[in-house]
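Using the sequences and the accompanying hints, generate a full structural model.
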Amino acid sequence: MKKIILLLVAATVIFSSCDKNDDVISETQETPGKVTVNFDAVFGSTDFALSTNFTSGTKTYNFDKFRYWVSNVVLVKTNGEEFSVPKSYFLLEETKALALSDLGEFTYPATKREQIVLSDIPAGDYKAIKFSVGVDSKYNDNMSLQAGELSQYNGMTNISWMWLTSYIFTAVGGKVTEGTTNKTIKVETGLNANYKSVSLNFPQNVKIGATKATSINLKADVAKVLDGIDVMTTPTVGASQATTMTAVANNYSTKVFSVVSVN
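The opening position of the sequence shown corresponds to residue 1 in my numbering, with each subsequent residue numbered one higher.
Just so you know, these hints were derived from the structure itself, not from any lab.
Any given hint could turn out to be false.
Said to hold, decoys possible - Taking lysine to any residue and the SDA-like style, the derived pairs with C-alpha atoms no more than 20 Å apart in a straight line are:
{"#": "1", "residue 1": "65", "residue 2": "52"}
{"#": "2", "residue 1": "65", "residue 2": "99"}
{"#": "3", "residue 1": "175", "residue 2": "221"}
Structure follows, in C-alpha coordinates:
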(Lines of atoms letter the chains of each structure in order from A; the text may use other names.)
(Lines give C-alpha, C1' and ligand atoms only; values in the text may rest on other atoms or scores of the structure.)
Protein backbone atom coordinates (compact mmCIF):
# COMPACT_ATOMS: atom_id res chain seq x y z
CA MET A 1 0.00 0.00 0.00
CA LYS A 2 2.86 2.33 0.93
CA LYS A 3 4.50 1.63 -2.45
CA ILE A 4 1.28 2.59 -4.25
CA ILE A 5 0.99 5.83 -2.29
CA LEU A 6 4.64 6.68 -3.01
CA LEU A 7 4.13 6.04 -6.74
CA LEU A 8 1.05 8.25 -6.79
CA VAL A 9 2.93 11.06 -5.03
CA ALA A 10 5.85 10.75 -7.43
CA ALA A 11 3.53 10.82 -10.44
CA THR A 12 1.77 13.89 -9.07
CA VAL A 13 5.10 15.66 -8.61
CA ILE A 14 6.23 14.74 -12.13
CA PHE A 15 3.00 15.89 -13.80
CA SER A 16 2.96 19.04 -11.69
CA SER A 17 6.53 19.78 -12.76
CA CYS A 18 5.62 19.20 -16.43
CA ASP A 19 2.65 21.56 -16.13
CA LYS A 20 4.88 24.27 -14.67
CA ASN A 21 7.44 23.79 -17.44
CA ASP A 22 4.68 23.93 -20.05
CA ASP A 23 3.45 27.18 -18.48
CA VAL A 24 6.95 28.67 -18.68
CA ILE A 25 7.31 27.63 -22.32
CA SER A 26 3.85 28.97 -23.11
CA GLU A 27 4.60 32.29 -21.41
CA THR A 28 7.88 32.57 -23.31
CA GLN A 29 6.16 31.85 -26.60
CA GLU A 30 3.47 34.44 -25.93
CA THR A 31 5.81 37.28 -24.92
CA PRO A 32 5.17 40.23 -27.27
CA GLY A 33 7.94 41.34 -29.59
CA LYS A 34 8.79 44.27 -31.80
CA VAL A 35 9.27 44.66 -35.52
CA THR A 36 11.21 47.23 -37.53
CA VAL A 37 9.55 48.38 -40.75
CA ASN A 38 11.89 49.95 -43.31
CA PHE A 39 10.51 52.20 -46.05
CA ASP A 40 13.41 52.47 -48.50
CA ALA A 41 12.79 55.38 -50.87
CA VAL A 42 13.77 54.77 -54.48
CA PHE A 43 13.17 56.28 -57.89
CA GLY A 44 12.59 53.33 -60.16
CA SER A 45 15.61 51.09 -59.69
CA THR A 46 17.78 53.84 -58.17
CA ASP A 47 18.11 54.80 -54.51
CA PHE A 48 16.29 58.07 -53.86
CA ALA A 49 18.22 61.17 -52.78
CA LEU A 50 17.54 64.89 -52.67
CA SER A 51 19.29 67.30 -55.07
CA THR A 52 19.95 64.43 -57.47
CA ASN A 53 18.84 64.17 -61.09
CA PHE A 54 16.51 61.30 -61.99
CA THR A 55 15.36 60.67 -65.54
CA SER A 56 12.00 59.19 -66.48
CA GLY A 57 11.14 59.18 -70.17
CA THR A 58 11.75 62.69 -71.50
CA LYS A 59 11.70 64.33 -68.07
CA THR A 60 14.46 64.95 -65.53
CA TYR A 61 13.50 65.41 -61.88
CA ASN A 62 15.42 66.94 -59.00
CA PHE A 63 13.66 66.72 -55.64
CA ASP A 64 13.86 68.73 -52.44
CA LYS A 65 11.31 66.73 -50.43
CA PHE A 66 9.42 63.46 -50.20
CA ARG A 67 7.12 63.19 -47.16
CA TYR A 68 4.09 61.11 -46.21
CA TRP A 69 2.10 59.96 -43.21
CA VAL A 70 1.82 56.25 -42.44
CA SER A 71 -1.06 55.56 -40.08
CA ASN A 72 -3.18 52.84 -38.50
CA VAL A 73 -0.74 50.00 -39.04
CA VAL A 74 -2.18 46.46 -38.93
CA LEU A 75 -0.24 43.18 -38.88
CA VAL A 76 -2.01 40.06 -40.14
CA LYS A 77 -1.30 36.62 -38.66
CA THR A 78 -1.18 33.48 -40.77
CA ASN A 79 -4.56 32.44 -39.30
CA GLY A 80 -6.10 35.70 -40.50
CA GLU A 81 -6.19 37.35 -37.08
CA GLU A 82 -5.32 41.06 -37.26
CA PHE A 83 -3.49 43.20 -34.72
CA SER A 84 -4.00 46.97 -34.97
CA VAL A 85 -0.98 48.87 -33.63
CA PRO A 86 -2.30 51.52 -31.20
CA LYS A 87 -1.69 55.19 -31.96
CA SER A 88 0.38 54.33 -35.02
CA TYR A 89 0.91 57.65 -36.81
CA PHE A 90 4.37 58.10 -38.32
CA LEU A 91 5.89 60.75 -40.58
CA LEU A 92 8.26 59.22 -43.15
CA GLU A 93 10.34 61.80 -44.95
CA GLU A 94 13.41 63.03 -46.72
CA THR A 95 13.41 66.81 -46.75
CA LYS A 96 15.63 69.83 -46.67
CA ALA A 97 15.21 72.39 -43.87
CA LEU A 98 11.81 74.06 -44.05
CA ALA A 99 11.18 77.66 -42.93
CA LEU A 100 7.72 77.70 -41.34
CA SER A 101 6.82 81.39 -40.99
CA ASP A 102 3.32 80.64 -39.67
CA LEU A 103 5.00 79.24 -36.54
CA GLY A 104 7.00 82.37 -35.83
CA GLU A 105 9.90 81.85 -38.23
CA PHE A 106 10.37 78.32 -36.92
CA THR A 107 12.69 76.15 -39.03
CA TYR A 108 11.93 72.46 -39.36
CA PRO A 109 15.35 70.79 -39.72
CA ALA A 110 16.51 68.75 -42.68
CA THR A 111 15.42 65.19 -41.94
CA LYS A 112 15.71 61.71 -43.38
CA ARG A 113 13.54 59.03 -41.82
CA GLU A 114 12.76 55.71 -43.52
CA GLN A 115 12.17 53.45 -40.52
CA ILE A 116 9.53 52.86 -37.87
CA VAL A 117 9.58 50.47 -34.91
CA LEU A 118 6.38 48.74 -33.79
CA SER A 119 6.44 47.52 -30.18
CA ASP A 120 4.34 45.13 -28.09
CA ILE A 121 3.30 43.03 -31.06
CA PRO A 122 1.65 39.74 -30.00
CA ALA A 123 3.99 36.83 -30.64
CA GLY A 124 3.19 34.65 -33.63
CA ASP A 125 3.61 34.08 -37.34
CA TYR A 126 2.52 36.88 -39.65
CA LYS A 127 1.77 36.96 -43.36
CA ALA A 128 0.93 40.57 -44.26
CA ILE A 129 1.00 44.22 -43.27
CA LYS A 130 -1.66 46.87 -43.78
CA PHE A 131 -1.42 50.61 -43.26
CA SER A 132 -2.97 53.80 -44.48
CA VAL A 133 -1.34 56.77 -46.17
CA GLY A 134 -2.58 60.02 -44.70
CA VAL A 135 -4.53 60.92 -41.57
CA ASP A 136 -8.03 59.64 -40.89
CA SER A 137 -10.84 62.21 -40.63
CA LYS A 138 -11.08 61.98 -36.82
CA TYR A 139 -7.70 63.69 -36.53
CA ASN A 140 -7.61 65.46 -39.89
CA ASP A 141 -10.76 67.42 -39.05
CA ASN A 142 -9.75 68.21 -35.47
CA MET A 143 -6.09 69.03 -34.99
CA SER A 144 -6.59 69.60 -31.26
CA LEU A 145 -6.61 65.80 -30.99
CA GLN A 146 -3.20 64.19 -30.82
CA ALA A 147 -2.01 60.62 -31.39
CA GLY A 148 1.34 59.09 -32.22
CA GLU A 149 3.54 61.62 -34.05
CA LEU A 150 0.73 63.89 -35.24
CA SER A 151 1.79 67.50 -34.80
CA GLN A 152 1.39 70.92 -36.40
CA TYR A 153 5.10 71.61 -36.00
CA ASN A 154 6.43 69.76 -39.03
CA GLY A 155 5.16 71.74 -42.01
CA MET A 156 2.62 69.07 -42.94
CA THR A 157 -0.51 71.16 -42.41
CA ASN A 158 -2.48 73.40 -44.74
CA ILE A 159 -5.13 76.06 -44.17
CA SER A 160 -6.13 76.54 -47.81
CA TRP A 161 -7.85 73.19 -48.47
CA MET A 162 -10.68 73.39 -45.94
CA TRP A 163 -12.39 75.89 -43.67
CA LEU A 164 -10.23 74.52 -40.88
CA THR A 165 -6.56 73.57 -40.89
CA SER A 166 -5.91 69.97 -41.94
CA TYR A 167 -2.94 67.72 -42.49
CA ILE A 168 -0.99 67.34 -45.71
CA PHE A 169 -1.02 63.57 -46.24
CA THR A 170 1.77 63.35 -48.79
CA ALA A 171 4.18 65.85 -50.35
CA VAL A 172 6.63 65.64 -53.23
CA GLY A 173 8.48 68.77 -54.32
CA GLY A 174 11.34 69.91 -56.50
CA LYS A 175 12.07 70.69 -60.16
CA VAL A 176 11.27 68.97 -63.42
CA THR A 177 12.85 69.66 -66.81
CA GLU A 178 11.62 68.58 -70.23
CA GLY A 179 13.57 69.88 -73.19
CA THR A 180 14.15 73.56 -72.48
CA THR A 181 11.17 73.90 -70.15
CA ASN A 182 11.64 73.94 -66.37
CA LYS A 183 8.87 73.70 -63.79
CA THR A 184 8.73 73.79 -60.02
CA ILE A 185 6.58 70.90 -58.84
CA LYS A 186 4.55 70.66 -55.65
CA VAL A 187 2.42 67.53 -55.59
CA GLU A 188 0.39 67.04 -52.42
CA THR A 189 -2.66 65.18 -51.10
CA GLY A 190 -4.70 65.95 -48.00
CA LEU A 191 -8.45 65.83 -48.48
CA ASN A 192 -10.31 63.20 -46.46
CA ALA A 193 -11.11 61.41 -49.72
CA ASN A 194 -7.34 61.01 -50.27
CA TYR A 195 -6.94 58.83 -47.17
CA LYS A 196 -6.02 55.49 -48.70
CA SER A 197 -5.15 52.01 -47.46
CA VAL A 198 -2.27 49.77 -48.52
CA SER A 199 -2.23 45.97 -48.13
CA LEU A 200 0.96 44.00 -48.74
CA ASN A 201 1.50 40.25 -48.48
CA PHE A 202 4.90 38.96 -47.41
CA PRO A 203 6.93 36.65 -49.71
CA GLN A 204 7.05 34.23 -46.77
CA ASN A 205 5.67 34.18 -43.24
CA VAL A 206 7.65 35.99 -40.57
CA LYS A 207 7.80 35.24 -36.85
CA ILE A 208 7.50 38.03 -34.29
CA GLY A 209 8.42 37.49 -30.64
CA ALA A 210 10.63 38.67 -27.79
CA THR A 211 13.46 36.30 -28.68
CA LYS A 212 13.80 37.32 -32.32
CA ALA A 213 14.71 40.56 -34.09
CA THR A 214 12.22 40.98 -36.93
CA SER A 215 12.26 43.39 -39.87
CA ILE A 216 9.89 44.10 -42.74
CA ASN A 217 11.64 45.76 -45.67
CA LEU A 218 9.49 47.80 -48.03
CA LYS A 219 10.23 49.95 -51.04
CA ALA A 220 8.61 53.36 -51.62
CA ASP A 221 8.96 54.38 -55.29
CA VAL A 222 8.77 58.14 -55.87
CA ALA A 223 8.49 57.57 -59.63
CA LYS A 224 5.21 55.72 -59.01
CA VAL A 225 3.84 58.70 -57.05
CA LEU A 226 3.88 60.69 -60.29
CA ASP A 227 2.77 57.83 -62.53
CA GLY A 228 0.15 59.10 -64.99
CA ILE A 229 0.45 62.69 -63.73
CA ASP A 230 1.32 65.36 -66.32
CA VAL A 231 3.52 67.53 -64.12
CA MET A 232 4.42 69.83 -67.00
CA THR A 233 0.76 70.79 -67.41
CA THR A 234 -0.12 70.53 -63.71
CA PRO A 235 3.07 71.13 -61.71
CA THR A 236 1.09 72.12 -58.60
CA VAL A 237 -1.38 69.58 -57.24
CA GLY A 238 -3.66 70.68 -54.41
CA ALA A 239 -7.35 70.88 -53.55
CA SER A 240 -8.05 72.95 -56.67
CA GLN A 241 -6.84 69.98 -58.70
CA ALA A 242 -8.99 67.43 -56.85
CA THR A 243 -9.12 64.95 -59.73
CA THR A 244 -5.33 64.87 -60.07
CA MET A 245 -5.02 64.75 -56.29
CA THR A 246 -7.20 61.65 -56.26
CA ALA A 247 -5.02 60.03 -58.93
CA VAL A 248 -1.91 60.69 -56.81
CA ALA A 249 -3.61 59.25 -53.71
CA ASN A 250 -4.56 56.14 -55.69
CA ASN A 251 -0.92 55.76 -56.76
CA TYR A 252 0.13 55.65 -53.11
CA SER A 253 -2.51 53.02 -52.42
CA THR A 254 -1.76 50.69 -55.32
CA LYS A 255 1.66 51.41 -56.87
CA VAL A 256 4.16 53.15 -54.60
CA PHE A 257 4.81 50.49 -51.95
CA SER A 258 6.08 46.94 -52.35
CA VAL A 259 7.69 44.31 -50.12
CA VAL A 260 11.39 43.62 -50.68
CA SER A 261 11.92 41.04 -47.91
CA VAL A 262 11.04 39.99 -44.37
CA ASN A 263 13.36 38.42 -41.85
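Going down the list of hints, with the structure as the test:
1. For the hint linking residue 65 to residue 52, the alpha-carbon distance of about 11 Å falls within 20 Å, and the restraint holds.
2. Between the alpha carbons of residue 65 and residue 99 the distance comes to roughly 13 Å, so the proposed pair stays at or under 20 Å and holds.
3. Annotation: proposed proximity of residue 175 to residue 221 holds, straight-line Cα distance about 17 Å (limit 20 Å).
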